[in-house]
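Once you have looked at the hints, place chain U on chain E.
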Amino acid sequence: MSFPLLTATAAVPAIGAIATAAVPAARRTAAKWLALLFSLATLVLAAVVAVRFEAGAKGPFQLTESHSWIRDFGVRYELGVDGIAVALIALTALLIPFVILAGWHDADPLEAPAPNRRWRPTQGFFALILAVEAMVVISFEATDVFLFYLFFEAMLIPMYFLIGGFGDRAGADGEERSAKLRSQAAVKFLLYNLAGGLIMLAAVIGLYAATADQLGSGTFSLTEIVQARADGKLELGTGTERLLFLGFFFAFAVKAPLWPLHTWLPGAMGESTAPVAVLITAVVDKVGTFAMLRFCLQLFPEASSWATPVILVLALISILYGALLAVGQRDIKRLVAYASISHFGFIIMGIFAMTSQGQGGATLYMVNHGISTAALMLVAGFLISRRGSRLIADYGGVQKVAPVLAGTFLVGGLATLSLPGLAPFVSEFLVLVGTFSRYPAVGIVATVGIVLAALYVLVLYQRTMTGPVKAEVRTMPDLKARELAVVAPLIALLLFLGVYPKPLTDLVNPAVDHTLSVVDRHDPRPDVAVKADAEAAK
Amino acid sequence: MSSVASVHSLWTIAAEAPAKIPAPKIEYAQLAPALIVLGAAVVGAVLEAFLPRRSRYHAQLLLSVLALAAGFAAVVGLAAGGFGTTKAKITAMGAIAVDGPALFLQGTILLVALVATFTFAERRLDPAAHGKKVDSFVAQAAAVPGGEAEKAAVKAGFTTTEVFPIALFAVGGMLVFPAANDLLTLFIALEVFSLPLYILCALARRQRLLSQEAAVKYFLLGAFSSAFLLFGIALLYGYAGTVTYSGIARVVSDGAKQIDPALADTMGNDALLLIGAALVLMGLLFKVGAVPFHMWTPDVYQGAPTPVTGFMAAATKVAAFGALLRLLYVVLPGLSWDWRPVMWGVAIVTMLGGAIVAITQTDIKRLLAYSSIAHAGFILAGVIATSKDGISSVLFYLAAYSFVTLGAFAVVTLVRDAGGEATQLAKWAGLGRRSPLTAAVFAVFLLAFAGIPLTSGFTGKFAVFKAAAESGAGWLVVVGVVSSAIAAFFYIRVIVLMFFNEPKADGPTVAVPSPLTMTAIAVGVVVTLVLGLAPQYFLDLAGQAGVFVR
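Which chain is which? The protein sequence lines are E and U, in order. Residue numbers for the first sequence follow the working numbering, beginning at 1 and rising by one. Residue numbers for the second sequence follow the working numbering, beginning at 539 and rising by one.
Worth double-checking, as some hints may not be accurate.
[Stated by the list, open to error] Label-pair distances were calculated between CB atoms; the ranges are:
| no. | chain 1 | residue 1 | chain 2 | residue 2 | range |
| --- | --- | --- | --- | --- | --- |
| 1 | E | Glu472 | U | Glu1040 | 20 to 30 Å |
| 2 | U | Ala611 | E | Trp33 | 45 to 55 Å |
| 3 | E | Gln184 | U | Asp901 | 52 to 62 Å |
[As the list claims (entries may be wrong)] Derived contacts from chain U toward chain E, CB cut-off under 7 Å, selection only:
| no. | residue |
| --- | --- |
| 4 | Ala611 |
| 5 | Phe1003 |
| 6 | Ala1007 |
| 7 | Val1016 |
| 8 | Ala1026 |
| 9 | Val1034 |
To be clear, the hints were calculated from the coordinates, so they are not data collected in a lab. Glycine included, each C-beta is placed from N, C-alpha and C at the ideal position.
Isolated chain U, as found in the complex:
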């Protein structure tokens, strides 16, 4: 008996009392927003498989709207329960933070997604194909453009109702992204929302090659940036011996206390910290669309179906800036002397680069893409403030900006000619004469982009610049103001084109949308004006939400 044991002890050691692997304790209620949305996405995928084709559209639309509304209700419930302020905590074994910024951003993302879903579901703009109502998405994504299969699919009146569950998956990822509290969760959330977006980009009904090219470009560059991010995560793990935000932050501020024997050579090595942090930042700046990681933006914005562009421009920016804020404020505050000068530079080239290149654009979607780059620069100015005001001003700016963006892209879907959406700027000449109301609404959005007082754009810009100035970045404010002046030029140019130029004989017409798109545009206008005239309530909300949990 004993000999057997001794023999075995040559290559085994008696296990200690079976190690206690703690059963993960998941606080489902506090993760409800993301869980509801992701659950609905799974249900949507199943519906896609089992429902007959004719009832899919209505079922999917209903499911999406209900899921997003329920998710928003869950966010409101959590915020009302104090999770945004006093009861802010880290849940899911340290993977997810439930705090003010997370809830504020999740709420914004859910509302943005809800409004975007309306534009996804619009079926009155494109002329009916063979008697069947169609939306802006391709009949059958797998069919080769221009091929027989495509013709057959169009003839059969197929529509890609998969976009609804795909978008829900993206939203689910976006909800986790700004709440992620360790680097691996961050990475997984990034992939969960990026992959569906790549697919959505490829699904345009018209100009499919352009759309697919945009998707491929987005995918390749996105994969690059993901790789950078992952490499950065690996280096940071090597430096800190952990991937949790608070763990890394502790090592950054206090130095490595308990050296993990496996990482004895690397832990506490500042080179790893700096390179790793830079790579992770690069990955996030790519998603944000900051110069010099902005190259994908114009092509993808132009090629993607316009409702997707609107959704992507608004929601991705919210999610990515949320993650960037958390990374800089929770993980790397001890390093702020190192990253602030770099981010200063990035903010300056982003503001100026976006504004200057936008001047030469001749396509409205590309113009809005460059404008979104310039806006990323303005938001970065608030991020750099490293103060509570900085957080809340960025939160406010994101909410204000995303609804203007959604509204603007929704208007772009209305202006059409025989070839679909007429996105060349030259075709917009005289739009104010043909459709004064549409042009006026678009002008409101443009003025908000330009930051003219009495619109949400001004309030947001004032908030971020104020935060930047108070943190001593006076010259950044001056650069911001100068690039605002440059940016104003091209917004004004579009207004000139719409109102002061004679309409062309073969110009586009403005389609009359269904109540869905109308709701989306109306929401955009109302939010733009309310946040411009009476922003106090929302500033309070953003102010209360401006504290990260660690």
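Chain E extracted, bound-state conformation:
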């Protein structure tokens, strides 16, 4: 038996979470280093996964592991990765050390003597981050629907404690009010996602009942179900398939989030600390869009095609609505949150365009959006921690006082608006081209989103960084070494993937082609060439 690499990649952060939580209350710094160490070990394992993975090899999944788990439910412990999963695992493993480093002081207790020797918020903060990482990684790896569902749901709990338990240092409203807003945001996050998850549970049970009925024994194995559907052994019937698809899609659309199920995101991102906000939008939400590709499309290909028009319209609304509301925001973090809603619109549009460029671009978009949002949000977090306010109006002229901070903020912003030369441009371009080739009208309208992105990013920069230096900003220190260590690698990565995205596209494209072949959709042939062929035939 070979070394269970995928299990190890998820188990290391899980062990790290337990170890970090067990550090005694007085040894706070040790807990931080321990968490960082475990996140780096995970990164190494993720790199090994990426190296061992052979893009374009036969079979949908590689590095597979399979063990019997709950026989009565037909549940197996089945792991496996395709190129899309490898890319997202790499993204997750890459971002977590930066999240930990950026949040280094976010959970230090306020008063020097802790109220209780067992009360260990710092240890809890880092342990929860690692727990989320473990659950996200295993949900990228799971090829058993039930296994995926378990961790898809379970990750809500540590996430909920991260949002509700830790916030920015007392804002303008005072500690009590911000604690109240925070716990409201956390509850809203949890209820939305739990409701989505429970509806998915009904669909999961429905899927089991269908397989148990027709295959003799119920199964949750993605490969088995896809195979059985291809062989015609499993006929869901149009109505059932559509209902099940809706059950799954609802959960993923809440998670992603897609308009009109997005309303939990701005609150959750606004009230939590910047590293947690990055964790939400750059890491956890990716599970939603990833699951659309892996589960919605592959389990229910016909229903996916059936629902495409509606989903594309919703994605378009997300793009425009998110961007418009981002323009109108007064709060920096909520602005980034609405920008993310707009970007998730692009990702979902790319997925449901059902072209190889669209889906490849969407996968790339997930990775690039993760990196660019992390860069922008973390710098914004550093800015906010200096002034103690999230309001754009409280800033002005920062670039004169803290030029490095302003410069990195600008690069993060430009990445968010998909400036050519930075990584997000490639993916946004691919998504638009991929969508245009099948749905030209949708592609054209979506382009408006890019213009709005330029508006909200540049206006944000102009209002906070340029202009006369505000009195409260005058003594603002520039980025410290730790903060630079967070931002510099992210910006380097944005530049590298912007100029040379080939390693990523090579990784992703075979998996996308496989998905499309399961859905049985093929790229539309270019119109011009068809006409030319026809003329040549004459």
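Structure of chain U alone, referenced to chain E:
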């Protein structure tokens, strides 16, 4: 000589050869679990009369633990001997069934009772009264609350060690209840476990009036439901001419073959069957706590001493659902077209009703009471499946749920202020800051109640919903899922309160319990996590146990 005989023959007839009354043949070994427990209860009552007061507590505790452990060993022995599967049979002249579901439920009840006994025996939480260690039970039950006698009893440091034999009697009844194979045994078992519970409810050391009110309410409503049950039994007897389960089932499916002359007018009359079955079901649904027969639950859960609440919430539910399953699957399968729609309705209103009303609760014990109602609805969804999967999923759910419940109520006993247990939710604010470990453990129980994956609650919920979906009750699953979402809200609210709210200055403290309560809580946590992460062995067990004997 002959004239005498002829005279006498006017008003007597010569008896035939003395009728052979068959001596009842009792298979003691197969009834061992209930016999051990009931025997120990009798011994306990005797001990109470003869032992000096100071040694009663230890003697009773030891006796209870030994009896429950021995009973459990007997259940395991019977199961190992194949009585759960191939050798399942009906014993005691057709009164008791020894089969998979009976043994599984008896095992669960005995373990639950064992853990509950630990919480009964906890004597470190309440401050010592006049230098004597006391538990959660009243000093002298007969003393009027607030009266002189009560003061004297408290001063003398009395404790009500009778709770141990009383609880054993209740357990004995509960062991028979799901195994009862005729309606009269069912009724007697019901009374045997209900009466001790009424008494236990009245025995709280603090807030005695509330406790006594709860007991009276429970008794009155319980008596009502018993009357319904008995009336239903009478009607069913009139319909079938017998009270044995298999006899009634035969008449239901094949019609009345041999008409008993005394019942010539009634036998085979469907009206009697339907009304009788409905009344019997009502009696059982009352014990289960299903809407609309749930009214007693919140008051009784709140008023009873918390260890009793935990015991009652866990064990009664197990016993009552066991009896309900047997009744529906053994006696009335031929009638399932009639009862399924009704039970559908009951399950739906129970799930939704419990979940919705729980949202407005401000007392943790009442909240858990409404949550138990919602859970009864989920279990009913599995009962309705009428399949082997339905039986085993309900068995599994009951085992999983009862340990979560026991653990949760054990934690409630720890959170105290000057007035005893601080059960108002508002007082729990900031508990996570003061006692992170206690709050975290309680959060685990709440998440299990909410059915979050990786806990036993999720596995159980998945099992019953899966069984329901496979039997074609897809919409019931959807309702179940929706009410789970509603229920999640109030469990989460408690977590918010504990972890995200600032502790109040005069808030309650968490008492450090003795190893007894700690064991109870630890068992709850371990079972919750094991059944969530590696449930296969227990699912197998429940699966093997999922066949009734007829």
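Are there hints from earlier that the structure breaks, and if so, what are their numbers? When the structure is compared with the hints, numbers 3 and 4 turn out to be violated.
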